[in-house]
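A.B. asks: Residues per chain are reported as follows:
There are 2 protein chains.
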Amino acid sequence: MKLLEDRIRKDGIVIGADILKVDSFLNHQIDVELLAEMGKEWKRLYQDEKITKILTIEASGIGIACIAAQQFGVPVLFAKKSKTKNIAGEVYTAKVMSFTHGREYDIIVSRKFLTADDNVLIIDDFLANGEALRGLIKLVQDAGARVAGCGIAIEKAFQPGGDQIRKTGVRVESLARVLSMDENEGIVFTD
Amino acid sequence: MKLLEDRIRKDGIVIGADILKVDSFLNHQIDVELLAEMGKEWKRLYQDEKITKILTIEASGIGIACIAAQQFGVPVLFAKKSKTKNIAGEVYTAKVMSFTHGREYDIIVSRKFLTADDNVLIIDDFLANGEALRGLIKLVQDAGARVAGCGIAIEKAFQPGGDQIRKTGVRVESLARVLSMDENEGIVFTD
Chain A
1 MKLLEDRIRK DGIVIGADIL KVDSFLNHQI DVELLAEMGK EWKRLYQDEK ITKILTIEAS
61 GIGIACIAAQ QFGVPVLFAK KSKTKNIAGE VYTAKVMSFT HGREYDIIVS RKFLTADDNV
121 LIIDDFLANG EALRGLIKLV QDAGARVAGC GIAIEKAFQP GGDQIRKTGV RVESLARVLS
181 MDENEGIVFT D
Chain B
1001 MKLLEDRIRK DGIVIGADIL KVDSFLNHQI DVELLAEMGK EWKRLYQDEK ITKILTIEAS
1061 GIGIACIAAQ QFGVPVLFAK KSKTKNIAGE VYTAKVMSFT HGREYDIIVS RKFLTADDNV
1121 LIIDDFLANG EALRGLIKLV QDAGARVAGC GIAIEKAFQP GGDQIRKTGV RVESLARVLS
1181 MDENEGIVFT D
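Protein chains in written order, with the working numbering: chain A, 1 to 191; chain B, 1001 to 1191.
For reference, chain A alone in the conformation it holds in the complex:
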């Protein structure tokens, strides 16, 4: 998506070999007009799917998911990161390893809000190693629901998560795929 790639080139900050800061428009300060255009693009890509729910994960996925949900006319459900033991029976849960924070945590959603009738679009801001996305996919599958696909803002295509998940048969649509990035040479996107 050219609009997002241009914005990343203009306002994204590359630090070292694999940190891309987009906190001026995506995950600290948020440009809601950009989010609306991203939502329209996912709607175009998934127009043949009868999506019933959008699933994301706190915190930085929530804004993107809510504005995308307006395009689909469906509710958002956000998975919570939990440091406590899960409440037996009331939630679906998955373990997620965070490479950024160097620890594992549980993500949970209430069973009330994911059912076997759901056709779920999963939305998140970043895809790198794919840990969070695999956790979200597991939550949907544990509920007996269908994963219609994933909508990612920025995929670090030089990390393995996206391709690994596509190989399992899950559709992944990333609006910007970073092939390489470098503090001096800038950011190269895939075609």
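Don't take each hint at face value.
[What the hints assert, rightly or not] Reference listing, derived: stretches of chain A covered by chain B, where coverage requires no fewer than 3 residues with Cβ under 8 Å from a Cβ of chain B: (1) 61 to 72; (2) 103 to 113; (3) 153 to 165.
[Stated by the list, open to error] Cross-link-like lysine-lysine pairs, in silico, BS3-like; alpha carbons within 30 Å at most: (4) K1021(B) / K21(A); (5) K95(A) / K1167(B); (6) K1040(B) / K1167(B); (7) K1010(B) / K50(A); (8) K1095(B) / K81(A); (9) K80(A) / K1040(B).
[What the hints assert, rightly or not] Cβ-to-Cβ under 8 Å is the rule here; a few derived chain B residues that face chain A: (10) H1028; (11) V1032; (12) L1035; (13) C1066; (14) Q1070; (15) P1075; (16) V1076; (17) F1113; (18) I1187; (19) V1188.
The hints are simulated quantities; they were obtained by calculation from the structure and are not laboratory data.
We treat Cβ as the ideally placed atom computed from N, Cα and C, and that holds for glycine.
Fit chain B to the given chain A structure using the hints.
C.D. replies: Relative to chain A, chain B alone:
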């Protein structure tokens, strides 16, 4: 706001004397059409203010703030809850006591995104003791910016936060003000 009050009466769950669960439409599963109506109401209330930025706090404020921001045509900035020491000089920070979780934490925003020129609308889902809201107000004031006011979805008017903050001269507009609630007798709103 009648639409929100009706929804709380219909889908809110009162537990004990002071827990009101609205996780089916506001802070776990999210009804984005309801959020759009809430955003329009805050826009009506603050139409005479030239708002430049909406400030909220992760996680459950983000969706509400993003959809409200579409009405105002301004960016959202969300404060992060930090358990690590703040990065000296780069952030504004405030301490917030969480009664729900029984501990104190820091909230932070990057200095880059709040300036003395900003006229800020602060948005959050709940107002009870007012701890989070006081922290957000401090971040704005530390930046030399102006607090235009606060937009709250649900105020527990039987707890002191809202009135304490209004007494300091800060405008607080809560769309639903709960006067009392009881598992058996239901929820009473203020007029």
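A.B. asks: Take the hints in turn and mark each one as holding or not.
C.D. replies: Against the structure, the hints come out as follows:
no.	hint	verdict
1	61 to 72	holds (count 7)
2	103 to 113	holds (count 4)
3	153 to 165	violated (count 0)
4	K1021(B) / K21(A)	violated (35 Å)
5	K95(A) / K1167(B)	violated (46 Å)
6	K1040(B) / K1167(B)	holds (26 Å)
7	K1010(B) / K50(A)	holds (27 Å)
8	K1095(B) / K81(A)	holds (22 Å)
9	K80(A) / K1040(B)	holds (28 Å)
10	H1028	holds (6 Å)
11	V1032	holds (5 Å)
12	L1035	holds (7 Å)
13	C1066	holds (4 Å)
14	Q1070	holds (5 Å)
15	P1075	holds (5 Å)
16	V1076	holds (4 Å)
17	F1113	holds (5 Å)
18	I1187	violated (20 Å)
19	V1188	violated (26 Å)
When each numbered hint is compared with the structure, violations occur for hints 3, 4, 5, 18 and 19.
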